[in-house]
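As a plain string of letters, each chain reads:
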Amino acid sequence: MLLRENRDCSCDLEENNEEEMCMNKNIMQVERRINCQEKEEMLQNIRCYEFAITELGLYLDTHPDDRKALCLHRKYCNELKRLEDMYQKVYGPLTIKYPCNKWRWLEEPWPWEGGEN
Amino acid sequence: MWTYNKILQYPINIKCTDPKLAKVIISQYGGPDGEMGAALRYLSQRFGMPDQKAKAILNDIGTEELAHLEMVGTIVHQLTKNASIEEIEKAGLSAYYTDHGVDVYPQSAAGNAFNATALACKGDAIANLQEDLAAEQKARATYEKLIDLCRDNPDVLDPLRYLRAREVVHFQRFGEALRGVQEKLAEKTIF
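So the sequences go chain by chain: P and L. So for the first sequence, this note's numbering puts the first residue at 3; every next one is plus one. So for the second sequence, this note's numbering puts the first residue at 13; every next one is plus one.
You may find that some hints are simply not true.
Cβ pair distances, simulated, as ranges [to be verified]: (1) L:Asn25 <-> P:Arg76: 45 to 53 Å; (2) P:Cys73 <-> L:Phe59: 26 to 34 Å; (3) L:Ala107 <-> P:Asn47: 37 to 45 Å; (4) L:Asn25 <-> P:Lys104: 25 to 33 Å; (5) L:Ala139 <-> P:Arg69: 33 to 41 Å; (6) L:Lys134 <-> P:His65: 20 to 28 Å; (7) P:Lys104 <-> L:Thr15: 14 to 22 Å; (8) P:Arg106 <-> L:Ser106: 14 to 22 Å; (9) L:Asn25 <-> P:Val92: 18 to 26 Å; (10) L:Thr129 <-> P:Lys41: 39 to 47 Å.
Just so you have them, the derived chain P footprint on chain L, three or more residues with Cβ under 8 Å [said to hold, decoys possible]: (11) 13-20; (12) 70-81; (13) 86-100; (14) 174-188.
No lab work stands behind these hints, which were simulated from the structure alone. We put the beta carbon where it would ideally sit given N, CA and C, even for glycine.
Only chain P is shown next, with the shape it has when bound in the complex (with noise of 0.2 Å):
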């Protein structure tokens, strides 16, 4: 016997349709604008601050008295959620942690797929 799979759900995203689709248009006009190069760029920032941050952790492991690594690793966690939220609102979800009304999940190309040939 076939299960009837039911999909729906109570939460409140039917509600925030309208509002979300007019959001959603928006981002895709910012998006239009905005071009690979740029995406690229705000990629590589962020690639840039997760470096950073790694290395100072490891770092901070084995010297967890130093003030100044302390600073400098508060600094660019900081910077790093504020370049993410910026390019997940447009480009769609770097970690499935990120909430969307529909799965982004899928659309972008996957880390190892780079490269022309």
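Once you have looked at the hints, place chain L on chain P.
Just chain L, lined up with the frame of chain P:
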């Protein structure tokens, strides 16, 4: 637990197919000194570490190695994904192609499948960290050999140089963690 970030730690965009290079670079995916062995070694050893610094460094370097595994897999994938049968044959990859097509399979450059003996968990914090220091040096040396072999391909050289540099930093941090463990074990225990 882990959360996936949909971004490479360092960008990789390889313009030319070259299965010959993929055949040797795959050693850093699943070979004896590769990233798979490194990630699993550190993430397994961390459970038995006696102090906070050593647990943290094994956890965090082990995590970074997973990002490096993805980078090496990406290099191999981009070098082979559009290879013709002729190119595969010429690169000496007929046997690999027979068993795995152009999937990325963990094996050494010589064709030996990934072996868990690379994990080397000895049940001894000092022995394990000494093993890790050696592992970072062996990985650095492997990257240097790969850099020699890939000298004509800047798209491949660039990420390989980055990965080599990370091995040097990890070696440094493991040395500091080892000194911490030695100090901890030298402390007098009073009952």
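Numbers of the earlier hints that this structure fails to satisfy, in rising order
Of the numbered hints given earlier, those the structure breaks are 1 and 8, listed in rising order.
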